[in-house]
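2 protein chains.
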Amino acid sequence: MTGSTWSVPETEVVQSIRDSLDDRAAGATDPPDVLATVVGVEGNAYRRPGAKMLLSPDGEGVGAITAGCLEEDLASVAERIRETGTPEVVTYDLMDDDEDIWGLGVGCNGVIDVLLEPLTETYRPAVDAFAEGHDVAVATVLDGGDGPLARGDRAYYRPDDGTLRTPAGDPATDWPAGLTGAAGDLAGRGRGDTLVFDDGETTVEVFVDGIAAPTDLVVFGTGHDVGPVTELAARNDFRVTVVGFRGAVDPAERFPEADRTVTTSPGRLEEADGLRLDDRTHAVVMTHNFVDDRIVVETLLDAGVAYVGLMGPRERFEEMLEAFADEGRRFTEAELDPLYTPVGLDLGGGSPYQIAHSIVAEVLAVANDREPRHLKTREGPIHERVDLDAGDGDGGAAGGSPDAPTQ
Amino acid sequence: MTGSTWSVPETEVVQSIRDSLDDRAAGATDPPDVLATVVGVEGNAYRRPGAKMLLSPDGEGVGAITAGCLEEDLASVAERIRETGTPEVVTYDLMDDDEDIWGLGVGCNGVIDVLLEPLTETYRPAVDAFAEGHDVAVATVLDGGDGPLARGDRAYYRPDDGTLRTPAGDPATDWPAGLTGAAGDLAGRGRGDTLVFDDGETTVEVFVDGIAAPTDLVVFGTGHDVGPVTELAARNDFRVTVVGFRGAVDPAERFPEADRTVTTSPGRLEEADGLRLDDRTHAVVMTHNFVDDRIVVETLLDAGVAYVGLMGPRERFEEMLEAFADEGRRFTEAELDPLYTPVGLDLGGGSPYQIAHSIVAEVLAVANDREPRHLKTREGPIHERVDLDAGDGDGGAAGGSPDAPTQ
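From first to last, the protein sequence lines stand for chains Z and W. Mapping to the numbering used here: the first sequence position 240 is 240, numbers consecutive. Mapping to the numbering used here: the second sequence position 175 is 175, numbers consecutive.
For the record, the hints were derived by calculation from the structure and aren't laboratory data. Just so you know, these numbers come straight off a predicted model, no measurement behind them. Just to be clear, a hint being listed does not mean it is correct.
[What the hints assert, rightly or not] Chain W stretches covered by chain Z per the calculated footprint, using a threshold of three residues with CB under 8 angstroms from any CB of chain Z:
#: 1; segment: 224-234
#: 2; segment: 346-359
#: 3; segment: 362-373
[Stated by the list, open to error] Label-pair ranges, simulated between beta-carbon atoms:
#: 4; chain 1: W; residue 1: Pro159; chain 2: Z; residue 2: Gly328; range: 53 to 59 angstroms
#: 5; chain 1: Z; residue 1: His134; chain 2: W; residue 2: Pro159; range: 55 to 61 angstroms
#: 6; chain 1: Z; residue 1: Ala323; chain 2: W; residue 2: Glu79; range: 37 to 43 angstroms
#: 7; chain 1: W; residue 1: Phe324; chain 2: Z; residue 2: Arg151; range: 41 to 47 angstroms
#: 8; chain 1: Z; residue 1: Glu257; chain 2: W; residue 2: Asp58; range: 22 to 28 angstroms
#: 9; chain 1: W; residue 1: Gly247; chain 2: Z; residue 2: Asp170; range: 52 to 58 angstroms
#: 10; chain 1: Z; residue 1: Asp250; chain 2: W; residue 2: Asp199; range: 53 to 59 angstroms
#: 11; chain 1: Z; residue 1: Ser265; chain 2: W; residue 2: Asp58; range: 32 to 38 angstroms
#: 12; chain 1: W; residue 1: Pro57; chain 2: Z; residue 2: Glu132; range: 48 to 54 angstroms
[Unchecked claim] Here are the simulated SDA-like cross-link-like pairs (lysine to any residue), alpha carbons at most 25 angstroms apart as the crow flies:
#: 13; chain 1: W; residue 1: Lys376; chain 2: Z; residue 2: Arg314
#: 14; chain 1: Z; residue 1: Lys376; chain 2: W; residue 2: Leu301
#: 15; chain 1: Z; residue 1: Lys376; chain 2: W; residue 2: Leu321
#: 16; chain 1: Z; residue 1: Lys376; chain 2: W; residue 2: Phe317
#: 17; chain 1: Z; residue 1: Lys376; chain 2: Z; residue 2: Val366
#: 18; chain 1: Z; residue 1: Lys376; chain 2: W; residue 2: Glu322
#: 19; chain 1: Z; residue 1: Lys376; chain 2: W; residue 2: Gly348
#: 20; chain 1: W; residue 1: Lys376; chain 2: W; residue 2: Gly348
#: 21; chain 1: Z; residue 1: Lys376; chain 2: Z; residue 2: Glu42
#: 22; chain 1: Z; residue 1: Lys376; chain 2: Z; residue 2: Arg189
#: 23; chain 1: W; residue 1: Lys376; chain 2: Z; residue 2: Asp326
#: 24; chain 1: Z; residue 1: Lys376; chain 2: W; residue 2: Arg280
#: 25; chain 1: Z; residue 1: Lys376; chain 2: W; residue 2: Glu371
#: 26; chain 1: Z; residue 1: Lys376; chain 2: W; residue 2: Asp337
#: 27; chain 1: W; residue 1: Lys376; chain 2: Z; residue 2: Asn368
#: 28; chain 1: W; residue 1: Lys376; chain 2: W; residue 2: Arg189
#: 29; chain 1: W; residue 1: Lys376; chain 2: Z; residue 2: Leu321
#: 30; chain 1: Z; residue 1: Lys376; chain 2: W; residue 2: Gly304
#: 31; chain 1: W; residue 1: Lys376; chain 2: Z; residue 2: Leu301
#: 32; chain 1: Z; residue 1: Lys376; chain 2: W; residue 2: Asp302
#: 33; chain 1: W; residue 1: Lys376; chain 2: Z; residue 2: Asp279
#: 34; chain 1: W; residue 1: Lys376; chain 2: Z; residue 2: Ala303
#: 35; chain 1: Z; residue 1: Lys376; chain 2: W; residue 2: Ala323
#: 36; chain 1: Z; residue 1: Lys376; chain 2: W; residue 2: Arg373
#: 37; chain 1: W; residue 1: Lys376; chain 2: Z; residue 2: Arg280
#: 38; chain 1: Z; residue 1: Lys376; chain 2: W; residue 2: Thr377
#: 39; chain 1: W; residue 1: Lys376; chain 2: Z; residue 2: Glu335
#: 40; chain 1: W; residue 1: Lys376; chain 2: W; residue 2: Val366
For every residue, glycine included, the Cβ atom is placed at its ideal position computed from N, Cα and C.
Kindly produce the complete structure, drawing on both the sequences and the hints.
Structure representation (structure tokens):
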């Protein structure tokens, strides 16, 4: 497996799963791809629960579940699973055992539980939801206890639907009632967790893999400086739309990394096809044209977007506020809260890539609701714990592991 | 000009200048390339003074001096300069003039002074210093007044040498005595500024272009996760060395974006060929092997490097400190100051690229001596002012413009 297929964005891993399902649906008769998902992490692992890797019969893999420590062994487990057709949970114990590690040279730490399964159509609803821009949680039974569920059984929960469903789309009736609340929480945050349900008769262990829809980043502008921003944002799993205005260069041609491009005019953003401006939208405004920027900023703030990064010095925005005031438009402090100008984190770099790096770093921090300080100065675990009590309060969830740190 | 040549790292712009000089030295008889350098900025410009672009006769350019607003006009000025052979300073006034901008559709703001000159061997000492890893300041006369200096005359200052020299290497005697102090300051910080010297008889205007040697980033480890870190660091102008240990994959093969790769063992870092560990070195330690990491961290801290980012959760480093203590090695708080663990800024992302993005953002901030907060929360100008009083105190520098903001 090459480094380039290992470090693909998460969006591309999901796309590979979709492609694989499509190939089989179209009649491909190769042995199936095997999907490996991290379902549990303890200690010092590189990835979080929910990290996925798709292993093809030729030994290639797309995606990363460790920093390269287990990939060889996984390929041989995948081979076995292709033969048996049965999902397995494999536990890798890579904890440092004093100096033994020197001899082993394992090069990784932590205990990692990995679910390996032949990829089948039961996964289809997840990739469909992702493609349509909806959050989804994939629930997979790791241990069905004495009940009706077996390892590998699957159900889905979409917050926009509100019902736990089987892969065929029917309500999933055999599943623990307490699942939906935690599933909704995990889906929205794109986090995975193993939940244990005990109804007094049997114990069921379910891995819930929350797959959040990609965050929308809309970049306004078609200057050269838009290129590095678009490229870095796409690699960081944003769904990037580049918006160009009247007579500008064709954004589709210049920004191949963008998921979508739109050509419109500043006053017609709300009618523009495929341009969703709502409280999930993040936007960077860098047309370098004062009047265009002003109209776009007003439209975005009025639409209540989550983030507006405006390129330019503070004085330029102060001029913009004066121009708004001249038109009788005044913004409250709360209305200006999503506006970040000058755009970007204070990293001190001045090259095009350094500017783009600081912009995308800022959007990441805001989208993930983080204060962009050094991790070393942060108190507590790197990742917040999963809110196990979230949901409909029927008390089904009896436990679960906290989100593991990524490092 | 394509976006990809516009947004190249600064290191590649300097490399292009070198290649162009080499071609001519080898006998190429094409019309010369023209070097465009931003020598003054007022208002809302994208790049800082010192931003460079190399314009070739076929209309192509490497590097960026604006966000794409002037590049077409520059090509025609360059054509003129190829014919006359005479350097020119061209001033572009892109300030917003109320609504006129709408009609103009210029799409950029600010007043920008650009020096355009035929690229000649007088620039050779700058690219040589850069290639050898030395800071250098290139002093170019913009206006010689009534004195012996003429526009385009050039001198060099290397802090490691301490003497202002002509392109031929002789001491530069006709130049303002006050130049060396400011030149040393600007060279170390990689900043450019126009300085005005008035000795009572004549006024001389000199642009001093500080070109700092690239910052060294040494990455320890050869896992897949090293790939995105190496790639992003190289694009952000770090000179990247990847260090692999005994029997690991060949780093040269796996990390094509690295400037150098070294294979050694953890205990022999100080003897390793081409590995410079000093107070300018920044390092990321991500071997995923506890013992290797521990030896590397100790060596780096003892060498007094500027920054050590250690991958892994805080608890892992606490274990490491215990292991050090068991060997009788204790670190003071000051000794641990350069150590950042968990490595990276708190941006909340968990994918390989997101982790790498947060690591490189942290290294950028530390290398540039910045607190990584939102620029919108930062008081004062985005870039610190040039210390005009730096230097040998002979009072020659009579003025100069502050560093311009990049946005």
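Structure-based check of each hint:
Coverage of the segment 224-234 of chain W by chain Z holds [criterion: at least 3 residues with CB-CB distance below 8 angstroms; count 5]. With a cut-off of 8 angstroms between beta carbons, the segment 346-359 of chain W has 13 residues touching chain Z; three or more are needed, and the interface restraint holds. Coverage of the segment 362-373 of chain W by chain Z holds [criterion: at least 3 residues with CB-CB distance below 8 angstroms; count 10]. Checked against the hint of 53 to 59 angstroms, the C-beta distance between Pro159/W and Gly328/Z comes to roughly 56 angstroms, which is consistent with it.
A C-beta distance of roughly 58 angstroms is found between His134/Z and Pro159/W, which places it inside the suggested range of 55 to 61 angstroms. A beta carbon spacing of about 38 angstroms between Ala323/Z and Glu79/W agrees with the range 37 to 43 angstroms that was offered as a hint. The beta-carbon spacing between Phe324/W and Arg151/Z, approximately 44 angstroms, falls within the hinted interval of 41 to 47 angstroms. Our hint of 22 to 28 angstroms for Glu257/Z and Asp58/W holds, since their Cβ atoms are close to 26 angstroms apart.
Hint check: Gly247/W to Asp170/Z, Cβ distance near 54 angstroms, so the stated range 52 to 58 angstroms holds. Checked against the hint of 53 to 59 angstroms, the pair Asp250/Z and Asp199/W passes, with Cβ atoms roughly 55 angstroms apart. Checked against the hint of 32 to 38 angstroms, the C-beta distance between Ser265/Z and Asp58/W comes to roughly 35 angstroms, which is consistent with it. Judged by the Cβ atoms, the range 48 to 54 angstroms given for Pro57/W and Glu132/Z holds: they are separated by roughly 51 angstroms.
Restraint check for Lys376/W and Arg314/Z: the C-alpha separation of about 8 angstroms stays at or below 25 angstroms, so the hint holds. Straight-line distance between C-alpha atoms of Lys376/Z and Leu301/W comes to about 17 angstroms, which keeps the hinted pair within the 25 angstroms bound. Note on Lys376/Z and Leu321/W: the hinted pairing holds, with a Cα-Cα distance of about 15 angstroms set against a maximum of 25 angstroms. For the given pair, Lys376/Z sits about 11 angstroms from Phe317/W by alpha-carbon distance, which is consistent with the 25 angstroms threshold.
Distance hint between Lys376/Z and Val366/Z is fulfilled; the C-alpha atoms sit about 19 angstroms from each other, no more than 25 angstroms. With a C-alpha separation of about 18 angstroms, the suggested pairing of Lys376/Z with Glu322/W holds against the 25 angstroms cut-off. This hinted pair checks out: Lys376/Z and Gly348/W have alpha carbons roughly 14 angstroms apart, not beyond 25 angstroms. Proximity of Lys376/W to Gly348/W is assessed by CA-CA distance (about 20 angstroms); at most 25 angstroms being required, the pair is judged to hold.
Between Lys376/Z and Glu42/Z the CA atoms are separated by roughly 20 angstroms; this keeps the pair inside 25 angstroms, and the hint holds. The straight-line distance between the Cα atoms of Lys376/Z and Arg189/Z is roughly 23 angstroms, inside the 25 angstroms bound, and the hint therefore holds. Taking the CA atoms of Lys376/W and Asp326/Z, the gap is about 24 angstroms. The hint holds against a cut of 25 angstroms. Our distance criterion of 25 angstroms between C-alpha atoms is met by Lys376/Z and Arg280/W, whose separation comes to about 21 angstroms.
A distance of roughly 13 angstroms separates the Cα atoms of Lys376/Z and Glu371/W; the hinted pair therefore holds under the 25 angstroms criterion. For the hint linking Lys376/Z to Asp337/W, the alpha-carbon distance of about 11 angstroms falls within 25 angstroms, and the restraint holds. Proximity of Lys376/W to Asn368/Z is assessed by CA-CA distance (about 18 angstroms); at most 25 angstroms being required, the pair is judged to hold. Annotation: proposed proximity of Lys376/W to Arg189/W holds, straight-line Cα distance about 23 angstroms (limit 25 angstroms).
Pair hint Lys376/W plus Leu321/Z holds up; C-alpha atoms about 15 angstroms apart against a cutoff of 25 angstroms. Of the pairs offered as hints, the one joining Lys376/Z and Gly304/W holds, with about 19 angstroms between alpha carbons and a cut-off of 25 angstroms not exceeded. Between the alpha carbons of Lys376/W and Leu301/Z the distance comes to roughly 17 angstroms, so the proposed pair stays at or under 25 angstroms and holds. Among the hinted pairs, Lys376/Z with Asp302/W is consistent with the structure: their alpha-carbon atoms are about 20 angstroms apart, no more than 25 angstroms.
Simply put, Lys376/W and Asp279/Z have alpha-carbon atoms about 21 angstroms apart, close enough for the 25 angstroms limit, and the pair holds. Between Lys376/W and Ala303/Z the alpha-carbon distance is near 21 angstroms, which keeps this suggested pair within the 25 angstroms criterion. Distance hint between Lys376/Z and Ala323/W is fulfilled; the C-alpha atoms sit about 20 angstroms from each other, no more than 25 angstroms. Distance restraint check for Lys376/Z and Arg373/W: the Cα-Cα separation of roughly 15 angstroms lies within the 25 angstroms cut-off, and the hinted pair is therefore satisfied.
For the hint pairing Lys376/W with Arg280/Z, the CA-to-CA distance comes to about 21 angstroms; that is within 25 angstroms, so the pair holds. A hinted pair counts as satisfied when its Cα atoms are at most 25 angstroms apart, and Lys376/Z with Thr377/W qualifies at roughly 21 angstroms. With a CA separation close to 15 angstroms, the supplied pair Lys376/W and Glu335/Z stays within the 25 angstroms bound. Taking the CA atoms of Lys376/W and Val366/W, the gap is about 19 angstroms. The hint holds against a cut of 25 angstroms.
Of the numbered hints given earlier, the model fails none.
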